[in-house]
Amino acid sequence: QKEVEQNSGPLSVPEGAIASLNCTYSDRGSQSFFWYRQYSGKSPELIMFIYSNGDKEDGRFTAQLNKASQYVSLLIRDSQPSDSATYLCAAQTFGNEKLTFGTGTRLTIIP
Amino acid sequence: ETGVTQTPRHLVMGMTNKKSLKCEQHLGHNAMYWYKQSAKKPLELMFVYSLEERVENNSVPSRFSPECPNSSHLFLHLHTLQPEDSALYLCASSQAHTDRRTDTQYFGPGTRLTVL
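Chains as they are written, first to last, in the numbering used here: chain A, -7 to 103; chain B, 344 to 459.
Next up, chain A with everything else stripped away, as it sits in the complex (with noise of 0.2 Å):
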């Protein structure tokens, strides 16, 4: 069973700290992975993808990918409340266009 596994939360981190999210995931044919913020009711939108390990930046984001470790995570510098949502992780092998996503992590930034 090919599976992406994020702990479903809720994570609260007070305004201005760094929220931390992370995602592991089995299947080793994984390539490239992606971190999508969902607000309650809405479509997910994507944030960034990776698929080179280390640090990828995109402003306040942060995409961390060790594949040796099979592990993604995501981190959010300055956290506002606007970025309570909740952020899923997916996963894709090479050559597919399938998806795997994970159940996704709420996130709750405290004014």
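Accuracy of the hints is not assured; some may be wrong.
Computed Cβ-Cβ distance ranges for the label pairs, DEER-style [to be verified]:
| # | chain 1 | residue 1 | chain 2 | residue 2 | range |
| --- | --- | --- | --- | --- | --- |
| 1 | B | Arg352 | A | Pro6 | 30 to 38 Å |
| 2 | B | Arg406 | A | Ile10 | 41 to 49 Å |
| 3 | B | Lys383 | A | Pro103 | 20 to 28 Å |
Everything labelled a hint here was simulated from the structure, so no lab data went into it. Even glycine gets a Cβ: it sits at the ideal position worked out from N, Cα and C.
Assemble chain B onto chain A, guided by the hints.
Using the frame of chain A, we list chain B on its own:
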């Protein structure tokens, strides 16, 4: 706005009804997807169409029937659904690249379906 639209946004239907969900993408993508999202479950891929051909069907019951007449439009025809089929149905599209590392999927707003 992601460039992917879905209609209707909300649908209530009885178990004997026949209805269709529509998705349209304005991004010039060549792949489209149907997903089902139920509470506390991961997004479930139902169907994938790449270059208008169905490439994946994750053992979805036959009461769900997809149709992809061209690369911009995708339908999901519904017939004799069950109450457990109530969920958010999401359409997505992507552009399949040669290296396939960045086949980012963009989602539509979804159709909230309730089966009575």
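Q) Per the hint of 30 to 38 Å, is the separation of the Cβ atoms of B/Arg352 and A/Pro6 within bounds? A) 35 Å, holds
Q) Cβ-Cβ distance between B/Arg406 and A/Ile10: within 41 to 49 Å? A) 46 Å, holds
(Q) 20 to 28 Å was suggested as the range; check whether the CB atoms of B/Lys383 and A/Pro103 agree with it. (A) Given a distance of about 27 Å, which is inside 20 to 28 Å, the answer is holds.
Taken one by one, the earlier hints all hold for this structure without exception.
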